[in-house]
Amino acid sequence: MIHFNIYKYSNELPLGWDDFVRHDIFLQSSYFKALETVSPNNISWFYLGIFNDERLVGVAIIQRVELYLEDIFRNYKDSCFKQKFKHFISKFLKGNMLVVGNLMHTGQHGIYFDTNKITQKDFLETVYKAIYELKNTIKKEHKKRIRIIMLKDYFKEDTIHLEKPFFHTLTLHKVTVQPNMIMNVEPNWNDFEAYLLDLNKKYKQRYKVARKKAGNIIKKELTLEDVQKHSKQLYHLYKNVSDNAKINTFILPEGHFYALKNNLKENFKVIGYYLDNTLIGFYTLILNGTALETYFLGYDEAHQYPNQMYLNMLYDMADFAIKNKFNSIVYARTAMEIKSSVGAKPQKMFVYLKHTNLYMNIVLKRIFKLMNPTQEWEERHPFKG
Numbered sequence: 138m139i140h141f142n143i144y145k146y147s148n149e150l151p152l153g154w155d156d157f158v159r160h161d162i163f164l165q166s167s168y169f170k171a172l173e174t175v176s177p178n179n180i181s182w183f184y185l186g187i188f189n190d191e192r193l194v195g196v197a198i199i200q201r202v203e204l205y206l207e208d209i210f211r212n213y214k215d216s217c218f219k220q221k222f223k224h225f226i227s228k229f230l231k232g233n234m235l236v237v238g239n240l241m242h243t244g245q246h247g248i249y250f251d252t253n254k255i256t257q258k259d260f261l262e263t264v265y266k267a268i269y270e271l272k273n274t275i276k277k278e279h280k281k282r283i284r285i286i287m288l289k290d291y292f293k294e295d296t297i298h299l300e301k302p303f304f305h306t307l308t309l310h311k312v313t314v315q316p317n318m319i320m321n322v323e324p325n326w327n328d329f330e331a332y333l334l335d336l337n338k339k340y341k342q343r344y345k346v347a348r349k350k351a352g353n354i355i356k357k358e359l360t361l362e363d364v365q366k367h368s369k370q371l372y373h374l375y376k377n378v379s380d381n382a383k384i385n386t387f388i389l390p391e392g393h394f395y396a397l398k399n400n401l402k403e404n405f406k407v408i409g410y411y412l413d414n415t416l417i418g419f420y421t422l423i424l425n426g427t428a429l430e431t432y433f434l435g436y437d438e439a440h441q442y443p444n445q446m447y448l449n450m451l452y453d454m455a456d457f458a459i460k461n462k463f464n465s466i467v468y469a470r471t472a473m474e475i476k477s478s479v480g481a482k483p484q485k486m487f488v489y490l491k492h493t494n495l496y497m498n499i500v501l502k503r504i505f506k507l508m509n510p511t512q513e514w515e516e517r518h519p520f521k522g
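Taking the numbering used here, I'd label the letters of the sequence shown as residues 138 to 522.
To be clear, the hints were calculated from the coordinates, so they are not data collected in a lab. As the structure is a computational prediction, the values presented were derived from the model and not from experiment. Some hints here could point you the wrong way.
[What the hints assert, rightly or not] Calculated pairs, DSSO-like style, for lysine-lysine (alpha carbon to alpha carbon, straight line, at most 30 Å):
id : residue 1 : residue 2
1  : Lys170    : Lys301
2  : Lys254    : Lys293
3  : Lys491    : Lys266
4  : Lys280    : Lys502
5  : Lys491    : Lys301
6  : Lys170    : Lys462
7  : Lys293    : Lys258
8  : Lys311    : Lys272
9  : Lys485    : Lys311
10 : Lys266    : Lys277
11 : Lys460    : Lys356
12 : Lys482    : Lys460
13 : Lys356    : Lys366
14 : Lys293    : Lys462
15 : Lys301    : Lys258
16 : Lys349    : Lys462
17 : Lys345    : Lys145
18 : Lys462    : Lys345
19 : Lys383    : Lys281
20 : Lys485    : Lys338
21 : Lys460    : Lys521
22 : Lys254    : Lys311
23 : Lys272    : Lys145
24 : Lys491    : Lys311
25 : Lys341    : Lys482
26 : Lys491    : Lys383
27 : Lys369    : Lys350
28 : Lys485    : Lys339
29 : Lys272    : Lys170
30 : Lys339    : Lys521
31 : Lys521    : Lys338
Please model the entire structure based on the sequences and the hints provided.
Here's what the structure looks like:
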């Protein structure tokens, strides 16, 4: 018989959980443990275990996200008209939502099930029963109504799209979101020099210019002690970038990077950029099996353009992946054009969502598209034909 349990803390998870999801670090207890103390203030975590009799056959991550007006849109330089429009959208969306998946990271890191032990249909129906139970619990205990339900992020080829009757019955809209930028590491790239040899003349020159502009910047992997020592500066640099995002549904707390390094150990890398012994930028990586997942970064605006810091970071991420024999680099969404200039390709992604108010749900798809408009950008092709 299929049944489920909802857990609030990683130390409550059943035996065998980590073995069941060993392919994905974002579904493992070490990752959950780190984030239980340093998640954004508006995100709460629930871990769903689905069982067939006593055997674990599926898991899901469900986040309760409290959306606030001031956090949804953070570009303060917009015109009066744009600010009024954004305020209208924010009022429509503000409140509580339940997300099946991880709002803090691009990609499908929210569900996994054993196809030999449970059908996709039964799995999704059980997940939705858990959502319904959580929805009622939150209303009863916190006096808060869940307004939006979302399942994220799915590639075009994912089998979840075959369950059209399930989504239709529950009036969940399928919506296209920004693509995930991924670069596959080619078999002949035994080292970074091999990658550079595959660049065409234009982009090889662009690489040389970027490296020259990096000048005297020194790059260093930060130890746990370094991350703790530079905690305030890391957070300051992260906020420089985060505050410039047009839409952002959360803000990381200051101790976030330290907690991840402390719990994920060598599977979490923090690379610092120093100029005259001052930390002026950093990027983070999560080592997830054969995939290198890029995570949050930050930099001093004064050095971004003169030193081409962001482009240099993208090259350094590629260098790390190639040297350490990863199969792919997940550059995630946003800044698609510059990411394509180093070799990343856009992979189409979708979410399913609904508003719990029937009438608002009718217009939700259009509202979401206004928040997530199709961006006009030119894909670059840096490799030789």
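Going down the list of hints, with the structure as the test:
Only pairs whose Cα atoms come within 30 Å are accepted, and Lys170 paired with Lys301 is rejected, the gap being roughly 35 Å. For the given pair, Lys254 sits about 24 Å from Lys293 by alpha-carbon distance, which is consistent with the 30 Å threshold. Between Lys491 and Lys266 the alpha-carbon distance is near 15 Å, which keeps this suggested pair within the 30 Å criterion. Note on Lys280 and Lys502: the hinted pairing holds, with a Cα-Cα distance of about 27 Å set against a maximum of 30 Å.
At most 30 Å may separate the alpha-carbon atoms for a hinted pair to count; Lys491 and Lys301 meet this at roughly 15 Å. For a cut-off of 30 Å, the pair hint linking Lys170 to Lys462 stands: about 28 Å separates their Cα positions. For a cut-off of 30 Å, the pair hint linking Lys293 to Lys258 stands: about 18 Å separates their Cα positions. Of the pairs offered as hints, the one joining Lys311 and Lys272 holds, with about 21 Å between alpha carbons and a cut-off of 30 Å not exceeded.
Using a Cα cut-off of 30 Å, the hinted pair Lys485 and Lys311 holds, with the two alpha carbons roughly 13 Å apart. Distance check on the hinted pair: Lys266 and Lys277 sit about 17 Å apart at the alpha-carbon level, within 30 Å; holds. For the proposed pair Lys460 and Lys356, the alpha carbon gap of about 16 Å is at most 30 Å, so the pair holds. This hinted pair checks out: Lys482 and Lys460 have alpha carbons roughly 20 Å apart, not beyond 30 Å.
A threshold of 30 Å between alpha carbons decides the hint, and for Lys356 with Lys366 the separation of about 17 Å falls inside it, so the pair holds. As the CA atoms of Lys293 and Lys462 are separated by approximately 26 Å, the hinted pair is consistent with the 30 Å bound. Distance check on the hinted pair: Lys301 and Lys258 sit about 10 Å apart at the alpha-carbon level, within 30 Å; holds. With a CA separation close to 27 Å, the supplied pair Lys349 and Lys462 stays within the 30 Å bound.
Distance restraint check for Lys345 and Lys145: the Cα-Cα separation of roughly 50 Å exceeds the 30 Å cut-off, and the hinted pair is therefore not satisfied. For the suggested pair Lys462 and Lys345, the alpha carbons sit about 24 Å apart, so the restraint of at most 30 Å is met. This hinted pair checks out: Lys383 and Lys281 have alpha carbons roughly 27 Å apart, not beyond 30 Å. For the proposed pair Lys485 and Lys338, the alpha carbon gap of about 29 Å is at most 30 Å, so the pair holds.
Between the alpha carbons of Lys460 and Lys521 the distance comes to roughly 21 Å, so the proposed pair stays at or under 30 Å and holds. At roughly 27 Å between alpha-carbon atoms, Lys254 and Lys311 fall within 30 Å of each other, so this suggested pair holds. For the hint pairing Lys272 with Lys145, the CA-to-CA distance comes to about 15 Å; that is within 30 Å, so the pair holds. A hinted pair counts as satisfied when its Cα atoms are at most 30 Å apart, and Lys491 with Lys311 qualifies at roughly 9 Å.
Using a Cα cut-off of 30 Å, the hinted pair Lys341 and Lys482 holds, with the two alpha carbons roughly 18 Å apart. For the hint pairing Lys491 with Lys383, the CA-to-CA distance comes to about 23 Å; that is within 30 Å, so the pair holds. Taking the CA atoms of Lys369 and Lys350, the gap is about 27 Å. The hint holds against a cut of 30 Å. Annotation: proposed proximity of Lys485 to Lys339 holds, straight-line Cα distance about 27 Å (limit 30 Å).
In summary, the hint linking Lys272 to Lys170 is supported, as the alpha carbons are separated by about 24 Å, within the 30 Å threshold. With a C-alpha separation of about 10 Å, the suggested pair Lys339 and Lys521 falls inside the 30 Å cut-off, and the hint holds. At roughly 8 Å between alpha-carbon atoms, Lys521 and Lys338 fall within 30 Å of each other, so this suggested pair holds.
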